[in-house]
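Given chain A, work out where chain B should sit, using these hints.
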Amino acid sequence: MRIKRVSTIGVAGVGLLGVLALTTGCAADTKASGGGDDKVVLAEPSWVGATANAAVVKKLLEDELDVKVEAKQMDEPVAFDALNSGKADVILEDWHGVPKKQKKYVEEKKTVVSGGDLGVVGHIGWFVPKYYADKHPDILKSYKNLNKHYKDFKTSESGDLGHFIGAAPSYSQHDKELIKNLGLKFKHIPSGAEAAQLKELKRLYDAKKPFLTYWWEPQWMNEKIDLVEVPLPKYTKGCEVPASEAKCGYETNQLEKFMNKDFATGDSKAAEFIKNFHWSTKDQNEVAGMIAGKKMDPEDAAAKWIKDNKSTWEKWIPKD
Amino acid sequence: MSSPTLTKGEAANPAPSSKEPAEAPQEAAPPSALARFLGNPKTLALLVAALVVVVSALVTGDGTWPRSLTADVESPLNDLDNWLVDNRDSHWIFLYFLLHISNFAQAAYDTLLSLLESMSYVGVIVVGTLIAWAAGGADRSRRALRTGGTALAVFVVCGALDVWEPTMETLALMIVSIILSALLGALLGLASGVSDRFEKILRPVFDTMQVMPAFAYLLPLVLMFDIGVPSALIATVIYAAPPMARLTSLGLRQADPTALEAATSLGADSRQRLLTARLPLARKQMMLGLNQTIMMCLSMVVLASLIGAGGLGSEVYEALGALKIGDALVAGVAVVLLAVLLDRTTAAAGERLDDVATTSFSRAAAQLRLAVWGGIAALTAVFAAVGTAVAGDEWPENWVVDFTNSIDTAVNWFTDHLGSGIPLLGGTITWAEGFTEIVLNPLRNGLQTTPWWALALLVAVIGWIVGTWRAALTGVVCLALIGWMRLWDVAMDTLSQVLAGLVLTVVVGVLVGVLCARVERVDKIMRPVLDTMQTMPQFVYLIPVIALVGQNRTGGILAAVVYAAPAVIRITAQGLRHVDPAAMEASNSLGATGMQQLFGVQLPLARKSILVALNQGVVLVLSMVVIAGLIGGGALGYMVVRGLSKGDLSQGFPAGIAIVCLGIMLDRLSQPAAKRSRD
Chain A
1 MRIKRVSTIG
11 VAGVGLLGVL
21 ALTTGCAADT
31 KASGGGDDKV
41 VLAEPSWVGA
51 TANAAVVKKL
61 LEDELDVKVE
71 AKQMDEPVAF
81 DALNSGKADV
91 ILEDWHGVPK
101 KQKKYVEEKK
111 TVVSGGDLGV
121 VGHIGWFVPK
131 YYADKHPDIL
141 KSYKNLNKHY
151 KDFKTSESGD
161 LGHFIGAAPS
171 YSQHDKELIK
181 NLGLKFKHIP
191 SGAEAAQLKE
201 LKRLYDAKKP
211 FLTYWWEPQW
221 MNEKIDLVEV
231 PLPKYTKGCE
241 VPASEAKCGY
251 ETNQLEKFMN
261 KDFATGDSKA
271 AEFIKNFHWS
281 TKDQNEVAGM
291 IAGKKMDPED
301 AAAKWIKDNK
311 STWEKWIPKD
Chain B
1 MSSPTLTKGE
11 AANPAPSSKE
21 PAEAPQEAAP
31 PSALARFLGN
41 PKTLALLVAA
51 LVVVVSALVT
61 GDGTWPRSLT
71 ADVESPLNDL
81 DNWLVDNRDS
91 HWIFLYFLLH
101 ISNFAQAAYD
111 TLLSLLESMS
121 YVGVIVVGTL
131 IAWAAGGADR
141 SRRALRTGGT
151 ALAVFVVCGA
161 LDVWEPTMET
171 LALMIVSIIL
181 SALLGALLGL
191 ASGVSDRFEK
201 ILRPVFDTMQ
211 VMPAFAYLLP
221 LVLMFDIGVP
231 SALIATVIYA
241 APPMARLTSL
251 GLRQADPTAL
261 EAATSLGADS
271 RQRLLTARLP
281 LARKQMMLGL
291 NQTIMMCLSM
301 VVLASLIGAG
311 GLGSEVYEAL
321 GALKIGDALV
331 AGVAVVLLAV
341 LLDRTTAAAG
351 ERLDDVATTS
361 FSRAAAQLRL
371 AVWGGIAALT
381 AVFAAVGTAV
391 AGDEWPENWV
401 VDFTNSIDTA
411 VNWFTDHLGS
421 GIPLLGGTIT
431 WAEGFTEIVL
441 NPLRNGLQTT
451 PWWALALLVA
461 VIGWIVGTWR
471 AALTGVVCLA
481 LIGWMRLWDV
491 AMDTLSQVLA
501 GLVLTVVVGV
511 LVGVLCARVE
521 RVDKIMRPVL
531 DTMQTMPQFV
541 YLIPVIALVG
551 QNRTGGILAA
561 VVYAAPAVIR
571 ITAQGLRHVD
581 PAAMEASNSL
591 GATGMQQLFG
601 VQLPLARKSI
611 LVALNQGVVL
621 VLSMVVIAGL
631 IGGGALGYMV
641 VRGLSKGDLS
651 QGFPAGIAIV
661 CLGIMLDRLS
671 QPAAKRSRD
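Quick mapping for you: the protein sequence lines, in order, are chains A and B. Here the first sequence stands for residues 1 to 320, numbered as in our numbering. Here the second sequence stands for residues 1 to 679, numbered as in our numbering.
Wrong hints could be hidden among the right ones.
[To be verified] Derived coverage of chain A by chain B (criterion: at least 3 residues anywhere in the stretch with Cβ under 8 Å from a Cβ of chain B; other residues may be distant):
1) 39 to 51
2) 67 to 80
3) 186 to 198
4) 208 to 214
It is worth saying that the hints were derived from the structure and are not from the lab. Don't be surprised by glycine CBs; every beta carbon is placed ideally from N, CA and C.
Chain B on its own, in the form it takes in the complex:
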């Protein structure tokens, strides 16, 4: 399973940038390191900026954004809020446009759900398994059988865990949202892959989307579409379409030039070239995009239970309200299983497409496949007609295994003992208090007492050093926007948590990543663990986190680290493993020890992917800020949660924007210029 947010790494220009070789010799010259260090104007600037920050913080001791440079954003938002509520069922925008979207979404979902329900569990299992088998090739090959088998197992386990109904609701919502996101993504990707102008317009949009926490746009959607399936569906599509678009565009742009040349020389015009050469060549990237879109849909569909989407997410949420960890975990497992099902099926379909592309096109096989799909369609119709009559409409009660209570007991025992029962070391609660007092509080105080202009200067200098002047400018503008919305202090609180979480994530991620890359067995154990961590709905581990460290900022940070570390681990391990084998061989023959090899060869050569990992970490930690708001993270995350649950635009929306601003700023500061060199 791939991480839901790996796209940026994939989309990065794979060719080595021209900048790096120029820097390399500089780094390789050891003499007078200090002199060179001080001689470099960029580091000097950084030192000066850091000095200014420290001195000014000590001197002024108050960092608040000046009141005169702010604006009242609450009143206009309140007006908008009122206007929306008053006109939601009378204004023409709603009547002729938004309501159509909303009704269409609702109708599509209702139709699909009632189809699934009328097929009864037997029908869904049979047809689902057949579809997976057909996607895998519809033959007796291992791939087809394995895919079908996975589907069968997933459905049966979901039924046996007594979550059949919510699983079907989530599945229905998933299917609709995947189809819509994939279509939208492919269209946008096509546009930006073919036209440079579109690419220029869409790229920053996608970049922003990537750092935008999904929570930020739940609220406006709720106000426009009311709570329920339509809002959930639209939020999901907005969230999940970008990777599809990004990878489609990338695939189109990377199409093999010789193939295009060949097409041109055969007299194909640009439209024919697109249809016959570029699109088919981009197919692999598009499948990758689809896969990521599916994963993102799934994580969003769960979040969307907060705005009335129902299904498994709502099951998780409800169970947590009664502190039933077992129930929440079971529903979470069903989500993971759905992810496995959809991931394996699309992956198999992708592989099969590759096969078709390479082997010659056989007419008989095509006819067979057509027959199989026709059979599936017919079977669906049959089951829809008679399914419930034959098998009853609910999963039989005696086919259910219930271990929710034993999970409860196990989790409680675990958290109780880890929380305070460890002799000498104290337990996690003591550590969490220490972490708050030693790391978080000073960091927050430091950020809040630093004058805004000194912080802006520091951001500008860092932006300029790692990126370009454009990165610096973006960072400063983002900071200014936060101050302008009167959220400076709160945002600094959040920033301190994000920074602390980021450092922890990167430390843990890189350490485990190194282990995974070097020790085969660790990698084998970690792989399923990472998959689960990434697809398990984040809500599930909120309650155990509170039991472990209490309801406070550290709890929020811990949850963020759990969520963000897998991606960092993955990228680091991958980077280390892909280090040029020749370089490894050379160091081996020179007699380097394992450690020397790691620090002397692997880590330096994998620097780029570690930087990508850092950048991913920023995005992921930030997307947990709101979730952390649910368990005591406070600050901006809490404001968004409050706005959402009070349905109040003026409270939630500015905080959401501020999170996005922080996100863009940190993203730019952690994204080396080389990556964007092709702009």
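Only chain A is shown next, with the shape it has when bound in the complex:
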């Protein structure tokens, strides 16, 4: 009896294989099923500001325009691939951290188009805690003075040099090369993830230890810790390319939105709304602060902001 059962299964298996073989005969559907017309997929990078963008956009699209939205967790580089393939429709906040991919998809393949500025201004730089700068104010005059104080920044990881806390791998950066090219007595020690860097800064800040770190604005932690910037050589266009010869700081960045081309030209209300979406650093920090600082649910934080700022978001809703 068992043999019979097994052979039935065998026949079924062969049948199944046959069906599979048949389907393989024809070309597969190249369009990914994730980015259908009925649902807008947002690429949501891992930082909290991005969560704030996504939460507000999602809530407004769902409540005001009745569009289904899915926010998918992905970092900048992967997000461009996803926009290209149609697995995601929108990047809400791009820091221009992957120029290679941006060039390939926007200029060469033309599968991704710009959605205009987000309104938030991104700024990257080198920062030290205020309590340290108060004691050594000369450090705020020029990066050159860092070499006078490098001994304060020594840790067991950096050996004889000062410890520079680098950024998470997917963020725009050329600090390692910068330290070398400017002849600074620091060792670049990268953070493995933003969360790790934040926790480390918090720990050092609470212990009132000196540290030098890659840091940026907007960033919700700025409400909790007080960091001041060490000026780097001024940014001029293209000065950081190639990174191995970079001798300048970072561009002050108009953060930009990107959209999948089919979505952007599809003439939907959702696409128009995304193009209209434009808010300030302060707005974003407010929502991000609620999410990370007060540990609110992103959805609740977005709802609260939406309730208080009707005049801001009304302009984003496309008119009939």
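Then chain B, alone, in the frame of chain A:
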């Protein structure tokens, strides 16, 4: 719950090897120990190699692999990267083959998820509980009721913790990946269990898979399949199929010869023999394999959130980004609960299969069971049709308990005080700095200044001593490959961390293991702790680790020890407990004290399982290297993370290969020859 990576221990030849008795008398002869020690050519060789290492390191002071023996692996990988991106939606390989796989994976996941969603939470709970009950026997026996009860509790707790939706996503992904891994594993296992040639081809593949950190192949998959469910699913299947295959093959090969003989004498041909005797006899091993496959699927499904799988893993990751330990921990608990659910259900099903095999086959019972499964199917259909209409599509909001904030407070208080608040002792941060300066830095400098040829010599000699010349050769080839890819210095940095982590793991593991084996109460307390440590997604404890020791290499090592120690503890305790009772009795009657018994009888007799534990430790510590890269471990782990998050093959892939090379090398060096004696 069993450890996700115990397979090698299980698969080891259980019969005592013929080599050991030959060695035993040698060890038992105490006189002129030093003379014999020096007289042994192998130890002499080891001493010479060690001497060469030290002297050459002191003399040359620079260990870098010669530039002339390297190759540029970056440019071809960059080309491949570009080619993949350009042709991903036009080349025939993608159109006619890979895209089918990808679409199939996506469709299977979508279908299942929408089924789960349309059933609403009530439907999922009812059907899930019933399935667990049916798997446990579908009757009023304790087993069936307990399994059903576990399922019910797990579902309700997941809902109450406010993680219902991600739990369903993870469950859907889990079910698809378990089915695929089990099928693939069973097929491969069948092939290698029946045919010696397949066995020869597949064994090294499985061995490599076992030491390969899952991160290493996430990146190529992302490039081929883009981020999202398909990549996650395929990565999971690749990761989780080997234990199933290994144990299936083992079960087939170990089938009781008398049963086979009986089948032959009844005139069964080889196909009939396979179907009627060998496969049914291998069932127990196969269930064990399935169980392990499930556990590995679960740990991978969480990791796969890094490449867009969503679900609980993504929940954990997102919570960490905002430093919400409480949220991360709650999602982690849901993962542990899912593990409990799946583990108990399959274990109960396995036990029941055993019962069926031993008791006579009752027709009525079979019909009843059929009716139960039919009922479950019907119920599923009903719920799918009307579930959301009846119960709404979301878990009701007032049935949610929120203690994430209090967890946050508790964890923060704990880490703050342990971190630097302990009087006199300083706290963990000071210790971590000391550890870095006293252990890690010298070790790294030592490895980096040792000339490559001296290190290769040492590896070869150790390989030859513990294993065979083949182990030695493998080790050296792995080292050479690392040098060839221009990763020598970075790899030595990683190696120093792995070695330090390994020593800590083994010390902690063996100590706690001894305690567990000898003190009943410790064992009782430790068991659930170990289960949790092994199934809790590793991400969860990264942030507390930083709070405790800071973002540095020690943090990475600490995380690795937490992850790897449970397996070592388990194997050690098991080995000690299974020491021949006669030997224990004998030592008792000779009046040995507890300590004498431990050191004189138990530990020597359990030597073999401690070696297995060491080997497991190597594999597990190594698999944490990449995770450690996330919190300041740097070196190869960071390179893989960077490659992955930048989507850059030329940065991540060589580093991934180098980790695999280190893994294979350490695995061979810690795997005594006896284990592979049946090759």
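Violated constraints from the hint list, given by number and in increasing order
4
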